[in-house]
Amino acid sequence: CDGRGGFIEESLEVLQENPSCFQVHLRHRKSMSHPVHPQLFLTSHSGVAYRRLVYGWFAGDGLFWHGLSFGPGLRRKAHILLLSPLEALGSELQAQAAFYSLGLWAAALEEE
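Those letters in the sequence shown? Residues 1 to 112, per the UniProt record's numbering, in order.
By construction, these hints were calculated from the structure, which means they are not laboratory data.
Hints may contain errors.
[What the hints assert, rightly or not] Label pairs and their in silico Cβ distance ranges:
id	residue 1	residue 2	range
1	G47	L89	34 to 40 Å
2	L63	E111	24 to 30 Å
3	E92	P35	15 to 21 Å
A virtual CB, placed ideally from N, CA and C, is assigned to each residue, including glycine.
With the hints as constraints, model all of the structure from the sequences given.
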């Protein structure tokens with residue numbers, strides 16, 4: 001997060017316009033190690049700029065990440081409830097694979 005404010009409002013707008021968006025990360029894309037898609041998206045209401053995180057990013061040791069995490073960010077409660085209790089999913093890697101299998105994706109706000 002760059003400290004400019006408005007993260008909650010902007011992230012909520014991204015979630016409201018995209019039913020398959022699992023989360024909007026707190027960190028802006030340039031401060032993340034996970035790659036993002038080159039296409040820039042804008043919300044229709046206020047033009048909030050965001051990018052989707054890449055699926056299937058090889059993170060080493062045979063592990064693949066899809067951009068979904070339990071790190072800081074805004075999430076849709078309904079998605080969390082789909083696979084509750086989360087403890088039953090095991091690790092964060094296993095949990096994010098389960099959410100990915102449902103067609104969910106993650107986003108990061110674009111820096112200004």
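- Would you say the C-beta atoms of E92 and P35 sit inside 15 to 21 Å of each other? Holds - the Cβ-Cβ distance for E92 and P35, about 18 Å, lies within 15 to 21 Å.
- Outcome for the supplied range 24 to 30 Å, where the beta carbon pair is L63 and E111: This hint holds: roughly 27 Å between Cβ atoms.
- Query: Cβ-Cβ distance between G47 and L89: within 34 to 40 Å?
  - Reply: holds, 35 Å
Comparing the model with each numbered hint stated earlier shows that all of them hold.
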